[in-house]
Amino acid sequence: MTSTHHATVASQRRKIPLKYFFKKPERTAYQISPDGKHIAFLKPYKRRQNIYVQRLGSTRAVRLTNELERDIAGFFWKGNHTLLYLRDFGGDENFHLFAVNMPQKQVRDLTPFSGTRTMLIDELIDSDDHVLIALNFRTPEVFDAYRLNVHTGELVLLVENPGNITSWNTDHDGKIRLAVSTDGVNTTLLYRKTEADAFKPILTTNFKESLVPLFFTFDNARIYAASNLGRDKSAIVIFNPETGKEDELLFQHPEVDVYDLSYSHKRKVLTAISFTTWKREHVFLDKLTEQIFSSLQRQLPDVEIALTSETKNEDVFIVRTYSDRSLGAYYLYELATDSLTKLADVSPWLKEDELCEMKPISYTSRDGLTIHGYLTLPKDVEPKQLPVIVNPHGGPWARDVWGFNPEVQFLANRGYAVLQMNFRGSTGYGRRFWEISFKKWGKEMQDDISDGVKWLIEQGIADPKRIGIYGGSYGGYAVLAGLAFTPDLYACGVDYVGVSNLFTFMKTVPPYWKPYLEMMYEMVGNPDMDQDLMRSASPVFHVDRIKAPLFVAQGAKDPRVNIEESNQIVHALRARGIDVPYLVKENEGHGFRNEENQFEFYRAMEKFLHKHLLKKK
766 MTSTHHATVA SQRRKIPLKY FFKKPERTAY QISPDGKHIA FLKPYKRRQN IYVQRLGSTR
826 AVRLTNELER DIAGFFWKGN HTLLYLRDFG GDENFHLFAV NMPQKQVRDL TPFSGTRTML
886 IDELIDSDDH VLIALNFRTP EVFDAYRLNV HTGELVLLVE NPGNITSWNT DHDGKIRLAV
946 STDGVNTTLL YRKTEADAFK PILTTNFKES LVPLFFTFDN ARIYAASNLG RDKSAIVIFN
1006 PETGKEDELL FQHPEVDVYD LSYSHKRKVL TAISFTTWKR EHVFLDKLTE QIFSSLQRQL
1066 PDVEIALTSE TKNEDVFIVR TYSDRSLGAY YLYELATDSL TKLADVSPWL KEDELCEMKP
1126 ISYTSRDGLT IHGYLTLPKD VEPKQLPVIV NPHGGPWARD VWGFNPEVQF LANRGYAVLQ
1186 MNFRGSTGYG RRFWEISFKK WGKEMQDDIS DGVKWLIEQG IADPKRIGIY GGSYGGYAVL
1246 AGLAFTPDLY ACGVDYVGVS NLFTFMKTVP PYWKPYLEMM YEMVGNPDMD QDLMRSASPV
1306 FHVDRIKAPL FVAQGAKDPR VNIEESNQIV HALRARGIDV PYLVKENEGH GFRNEENQFE
1366 FYRAMEKFLH KHLLKKK
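Just remember that the working numbering sits 765 ahead of the position in the sequence shown, which is counted from 1.
A few of these clues could be false.
[Said to hold, decoys possible] Calculated pairs, DSSO-like style, for lysine-lysine (alpha carbon to alpha carbon, straight line, at most 30 Å):
| # | residue 1 | residue 2 |
| --- | --- | --- |
| 1 | Lys1116 | Lys1144 |
| 2 | Lys870 | Lys808 |
| 3 | Lys1322 | Lys789 |
| 4 | Lys788 | Lys1380 |
| 5 | Lys965 | Lys998 |
Derived by calculation from the structure, the hints in this document are not laboratory data.
Whenever a hint applies, use it, and build me the whole structure from the sequences.
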């Protein structure tokens, strides 16, 4: 009965071309110049995202960059005629900062240092000439702070890292006043009143507690921060660096962490607090901001709204819309006239009414925890006895959120129900929910995933014989753990840049992760002290239990999960006479970014899943 029913509805549902889900957006990442005269955006040129600029009111766009090897990762205006952008090299995550000026289209690598990673400290939006950056070219493990002239390339060392500083923070005048240091387990907040003063420690906490500086108060005297000191959920507070104590609790939520606080640079007022329950929510702190959002919501009903860029005068804004079934569109909003002008749809080839709703779900783990997640069901199919893809997120200390996910929509369009869950350790649900994941890779963290599968079977939604598991990074580890530790649960698995051996994973982390190794030993396991635990949780040592078909994909230049993680599991299975399809891309890192490689991967995955979950045996 079910096979005939599914065949009928599958024929009714249009099979959207694979490329439509994964091709580069038509136009995206719009940014308006400070004077409001130009807009810049990313658009594909020879399959790579490049920067284009057009004058406001004109339909003619001019390409400024000629990147052919790698997408531009992100960009921003520096003054009204220069744009800065970041790009790495084949996925190595050693990002360089480039400048391109608008009239001449001259591109310059401002950080041309081999094997070096650039991180932005402060855009210095009041300066047309300088930015503050952190570089690790003196030693790979730590980052020093520099002021960079974006026109001449001149670098001035502002603070040399003594070896334990992990981040720098500025005040509203662009002065470096805060630093965070670690000894691997304990975190110390350092403060100085002026740049002439020496940094002094003002707060030391174990890494399980956190006070994350967001920005200074507008008089540069105190600090807005996200803090879970003395509480389970992070809240927005005002922290006094002179006393080392919280002065005021501004906002907390009873169920989720709160990290995000926004402000107006021009008006020097707080504008909104944002947090994620099952979807993004806002609490407005400023009447004008609330009025803007109210007007936008009235003009753009049934979509989520974000302000992504504004002029220096904060009178013209770039608005981005999105939903679970659409990558949305960009609009120009003029405050004086309350008028909205559409700039572009991000992916006009995808039609919202053909895509699937991402619905929040929750279930109870075997030890009584509430696990939140999302279920996306294929359209026009009765939700009974469906083939399922379980899709655990990466991190693992991250979370899935509501919104458009091209992988999920692709799989749902192919007839699969897609289950995502925020297993223990997922961020946003408080400190206890995070901490109970420590040293639980392949144990209770994996049980939460298995319990979600069993819940879906009990609901009658999943066909227990047609359940696959797919994930990337930690999600890839969860695929291998699922096949090794619950071999009867899954009919197949797809491991994308996943960890297979906890010992070798810990030995091959990037150099700039090394200050955090002691913390990772507490969170994952210490190779010297926890050998039995780590061996029991490493799928590569349990390949004899794997019986479901496995497909593996890996970037050769992955700096986070070394290619040896995938090599080990593939070679171990092949040594047992098991055929493992293995896709390696030499010009990719932690996940595929180049369009042609993405197409190849998803085509191979589609074929693999169809063979093992949909094809009649």
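These are the hints, each one checked on the structure:
no., hint, result
1, Lys1116 <-> Lys1144, "holds, 13 Å"
2, Lys870 <-> Lys808, "holds, 16 Å"
3, Lys1322 <-> Lys789, "holds, 22 Å"
4, Lys788 <-> Lys1380, "holds, 27 Å"
5, Lys965 <-> Lys998, "holds, 28 Å"
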